[in-house]
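My request is simple: use the sequences and hints to build the entire structure.
Given next are the chains, with one letter for each unit.
Number of protein chains: 2
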Amino acid sequence: MGKTKGRVTLPSQSNFLEQTKDLLNRWGADAIRDSDGTKLDDDIKHLDAKIYTTYFVARGHNEFAQQHMEECQQIYLMSAYTLATENQVSIAFAKEYFDQQVTPDYDHDPKVWWEVMDRTTDEVVDPANWDYDKEHHIVTVNNVIPFHEYTVSFLAYILWDPTQMYNHITNDWGDKPHEIPFDVRKPASAQYVVDYLKQWLKDNPDTDVVRFTTFFYHFTLIFNARAKEKFVDWCGYGASISTEAMLAFEKEYGYKLRPEDFVQNGYYNSTFCVPTKAYLDYIDMQQRFVKDKAKELVELTHAAGKEAMMFLGDNWIGTEPYGKYFPEIGLDAVVGSVGNGATLRLISDIPGVKYHEGRFLPYFFPDTFYEGNDPIPEAVDNWLCARRAIMRKPIDRIGYGGYPSLAYKFPKFVDYIEKVCDEFRYIYDHVHENEPYCGLRVAILNSWGSLRSWHPYMVAHGLYCKQIYSYNGMLESLSGASVDVTFISFDEVLAHGIPEDIDVIINAGDAGTAFSGGSVWNNEKLVSMLRAWVYNGGGLVGIGEPTAIEKGGHFFQLADAFGVDKELGFTLHTDKYFHTPVEQHFITEDVVEDLNFGEGMKNIYALSEDTQIISYSNGEVHLSTHTYGKGRCVYIAGLPYSEQNTRILMRSLYYAADKEAEFRKWYADNLYCEVHAYPKSGTYAILNNTNREQVTNVYDGEGNKTSVTLAPGEIRWMVMNDGK
Amino acid sequence: MGKTKGRVTLPSQSNFLEQTKDLLNRWGADAIRDSDGTKLDDDIKHLDAKIYTTYFVARGHNEFAQQHMEECQQIYLMSAYTLATENQVSIAFAKEYFDQQVTPDYDHDPKVWWEVMDRTTDEVVDPANWDYDKEHHIVTVNNVIPFHEYTVSFLAYILWDPTQMYNHITNDWGDKPHEIPFDVRKPASAQYVVDYLKQWLKDNPDTDVVRFTTFFYHFTLIFNARAKEKFVDWCGYGASISTEAMLAFEKEYGYKLRPEDFVQNGYYNSTFCVPTKAYLDYIDMQQRFVKDKAKELVELTHAAGKEAMMFLGDNWIGTEPYGKYFPEIGLDAVVGSVGNGATLRLISDIPGVKYHEGRFLPYFFPDTFYEGNDPIPEAVDNWLCARRAIMRKPIDRIGYGGYPSLAYKFPKFVDYIEKVCDEFRYIYDHVHENEPYCGLRVAILNSWGSLRSWHPYMVAHGLYCKQIYSYNGMLESLSGASVDVTFISFDEVLAHGIPEDIDVIINAGDAGTAFSGGSVWNNEKLVSMLRAWVYNGGGLVGIGEPTAIEKGGHFFQLADAFGVDKELGFTLHTDKYFHTPVEQHFITEDVVEDLNFGEGMKNIYALSEDTQIISYSNGEVHLSTHTYGKGRCVYIAGLPYSEQNTRILMRSLYYAADKEAEFRKWYADNLYCEVHAYPKSGTYAILNNTNREQVTNVYDGEGNKTSVTLAPGEIRWMVMNDGK
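Protein chains in written order, with UniProt numbering: chain P, 1 to 724; chain Y, 1 to 724.
Treat the hints with caution; some may be incorrect.
It does not matter which identical chain is meant; a pair holds if it fits inside one copy or across any two.
Stated by the list, open to error - DSS-like, lysine-lysine: derived pairs with alpha carbons at most 30 Å apart:
id : residue 1 : residue 2
1  : Lys228    : Lys602
2  : Lys576    : Lys602
3  : Lys354    : Lys5
4  : Lys551    : Lys230
5  : Lys525    : Lys111
6  : Lys324    : Lys354
Keep in mind the hints are simulated off the structure, nothing from the lab.
What follows is the structure, encoded as structure tokens:
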């Protein structure tokens, strides 16, 4: 690979001109960005590179916000559970919250806009039975039932943008002003964001790309009274509510939203909860509202001859890029952080924009770039995970963040990134106008469908979480695998049936969650539709507790198809005879490590001898297959990410699709390697996904094999014989 | 301990006179029994010992049964789930069953007495839509919904007594006749069992004790088509049904039973299922019916000058000895098998009989008594477990079973049992008219209450089961602990409140089961009653998933009292800050081994810093305490039986009761030892519960300590100072 240029964005900073030039040259960067806490000098802005400038729409304008505190953003919050021990109970409802972030809204009549709930019966308390004390933030409830628990759902103003608050507290920014978020649903704010952008566009002639961070409402991130995170949901819409939005909703949908529609038992419509109709309606309304408002700003940006780029995150409520209205915003680009393959696909699959940019790890921050530490391993991991996904659907640009002066002190790191940039450009050129070879079409079926493509199971910003890693691994595996992946929702399937071109459906999650489906499995239409589909030749893969709700003697409603079910205790008196694993199975043929099902799943048992058990221990099935009519099912207890589990999943999918015969095409039998083929261009690439040397047999599109040895992390491009 | 005599029952066999005399003498036995497969010779019957004779009431009389096949016992059975793939489905409903055991009953109109269920919707299919083929045992259902599952619930005759069937098949008895069970609810059978017993009593003058095995209906034990166990529930009432019973029920209760009331999704009213009202009503009716019929036989026995003893098990439907009508039967004695301390208490606590006899392990069978094997360790384990329980509430007699000729070949075993018999008599004399010192009164709260005293969580006949051992351990621990134990049901508590004298309530089980309580926790009365009780000073111990049903934002409805809850996914976005264990805690002060919570419980988290976490790992709380008003709660993830877990439980109970100060009374600080005190007689005993030497400090009733060294398995009797 020779020296190439472009498709790379460099962060810069003050007093860093010469080094910036050097990095621009070595990494072939063609854009320079500012970051939170860095500003670009004029001489840097005049280099031969596009200039990205971060732009905050509804925060960071305190001169305006402080004059319009009645236009602050709002949220419904739930008090702590408060036990009544007598006939009256006083609830200090705001006590758990960080008063610098939120404050109760008494401007709108609490008797109208708040709710007191008896949580022991799940009933609303008549407002005649309670009163509030504005000064001390106390609600006193009369005529309560002793030893029931009560909560207050109150409307609050948000006084501090959560991201700035987080950075402020984390970095101890002292008396730096708190950025107040204001609500563009309210008149002065709506006007202000337009006027301000117009002027700003005039004032920033050097800016080529306006990087919106982001638009109007920040995802839910609430701190507690100790100024620590209390609740965070990257997909949460809670902080976009207002009395105006409540009224607009009622007008449009003909029914009223209640505080409980947001507070929801304290679950706040977590993405793990099966969404209610009211919540889905609300999301739809806010997406349309945000789309209109954002579109206006994007059009102004275009009129000024600049590009509009959206940061994927922060104030992104209503601009979820897989939402149906997103393309109408007319953005040029989306930029997001690439933690692994799944987050790369989360960015690169976004429809409706001209280009996608990924910010790679590590950030050039002192927590990584300090003397004695080697930043390269994190960069290697990040690149190798992302590279697999790029082979399937590339982002169009890569970039870095933080203080380049820190990175510049690590010459070997600068060398490595130089190599990555060149490799990225080479891959991009070979891949971006090509369709990769795809063995199967896979659909992930859950409550959210395409809206939450590549980020089901997301907790916080994709941090490790005990309860999700055994599901998340499936997404990471798929992100760089030779299969096409779509995300479909139960509602979609119920309305339109299962899409024609799907080979295998995956349902994966804990019982009761939006990812397994919870109460939707009470719907006999869904159950029988899925049964019929598998019976007639479809493939179904279940992970964890698929199709789970206790009914009719089954816990898995498709237990008959999976050939396994979960013992809840009710059938302990029924003998379970089937626990002998098969001696070998297609699915585990490449296995070289111990099997690892992560958290696994307790008490899974096989229903009959027709179930082929592949892994069994401690009285539990971990991996099994079952034929159902012309179709096949695979059950997997859990699938944390690893190269081996990627292979197990791929083989499970091929097995479920009854396409084992097709599996050895564009295939490497060493599971640490993968092959991606591009029939149109007649090329294919063999990837070593590890940082160790690997030897593998590689199979071409006709199943002919050759042995190859790959250096650590190597990607080797090959030309097909006769275009095959 | 000098040589004593009595309270021991010896099995004997043919041609074993001299050895029987020797064993009688050495073990101090005063009764001789026959067994299944052994008969007593006349000379043995004339020894100076009571003679027990096994008696079958409603089996083993084929000359009668074969002439009255229409009076066979019956059961409702469910077919396999059968998938409809078109508009018609044929269900070979009896195919899964063992045709030598059961056969469909076509004598009573299937259209009236059977049900076809759509298991996908949980609805009954109109009988007009199905028909049956008697010859091939096939039901054909028309107008079905494709890809729904259907089952047939059919009434069957039972052709073979399950215990005899089991023995027959296990021992390969060839063409020995199958004993046919007949139903005393039907006229000829009702008359027959009376007439036969009358004659038998005349014919067996040497019999002193008629050992009924048992009365009328065998607990549910159904074999599959391969002649292997398919379903077994020691407490199941299914095999007592008949059309007569169905009609009698309707007449008495004013509503009809349905097949589904028995089949229940294929759960067959497993004791793990929260019992329905219909099932509880049915149990009550059958208990009264059986009581009346059994009483008649017992009265005949008494009239003949003999005692009536009931075997605890086999054909015992309706004679559950903790049922409310049991004492009215008027039995002299109950005999049952002693597997451990809990099963000993299951026997010794039975009300309404004059004496209780326990059959100890090992049975004198060739599986244990073969050359090269040492039968003593099993006997030691059995005795040491049972002995703790005997110290609390002794059985009145012990005994053995099987072929004494086998045991006689192991002289050291004979020696050991001689020692056990003497030790038992010594303990009995010191204990049976004494109240042991009791530190606390504990209630185990579940759906079954006292009816299933000492045998909640029972699967099969008390075999090991992965899903229960972490709960069963709690019962075993309590069986020999210095606390009084009662079993109370939710219904009882709802009707009459929590009994006044209870210090601590335990709720232990998997969510949804009868032992945790399932849907009963939707009842706000129960929830608030229990909260109030703890708040006002009660102690609550939860094991596994106590008080569990997802509602109002909690999974554990008493999460606020326990201070912990289980993460189901819905609050993953809420930060959990509390995972630092306390440095030391009263509950774990004696601990010497690694903590062992058995299966444990996933995803338990502490709600606030008020929860004292004692054990935490892998993101989960395993053991914690929480103060609630004046009361206290303890949460334990699981409690398999061990000496250490017994100590942890005892300390949990004392802690929950806020009586730590009382704990060091009649207490041994070495957890392998225990102290039982008898204030009335002014004695106490120090037990070494292991077969290894132990050194311990022993605390008397005033907390004064002395160090003692105990030989393996030693029990040391002491006299109190000043009676204290």
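**Request:** First find the shortest C-alpha distance between Lys354 and Lys5 inside one copy, then the shortest across copies, and answer within, between, both or neither for a cut-off of 30 Å.
**Result:** within (19 Å within a copy, 98 Å between copies)
**Prompt:** From the Cα coordinates, with 30 Å as the cut-off, is the pair Lys576 and Lys602 best called within, between, both, or neither?
**Reply:** both (15 Å within a copy, 24 Å between copies)
**Prompt:** Under a CA distance limit of 30 Å, which applies to Lys228 and Lys602: within one copy, between copies, both, or neither?
**Reply:** between (34 Å within a copy, 26 Å between copies)
**Message:** At most 30 Å between alpha carbons: which applies to Lys551 and Lys230, within, between, both or neither?
**Reply:** between (36 Å within a copy, 21 Å between copies)
**Prompt:** How would you label the pair Lys525, Lys111 (within, between, both, or neither) given a Cα cut-off of 30 Å?
**Reply:** For Lys525 and Lys111, only the inter-copy Cα distance (28 Å) is at most 30 Å; the intra-copy one is 42 Å.
**Item:** Alpha-carbon proximity between Lys324 and Lys354, which holds within one copy, between copies, both or neither at 30 Å
**Value:** So Lys324 and Lys354 pass the 30 Å test inside one copy only (17 Å; across, 78 Å).
Comparing the model with each numbered hint stated earlier shows that all of them hold.
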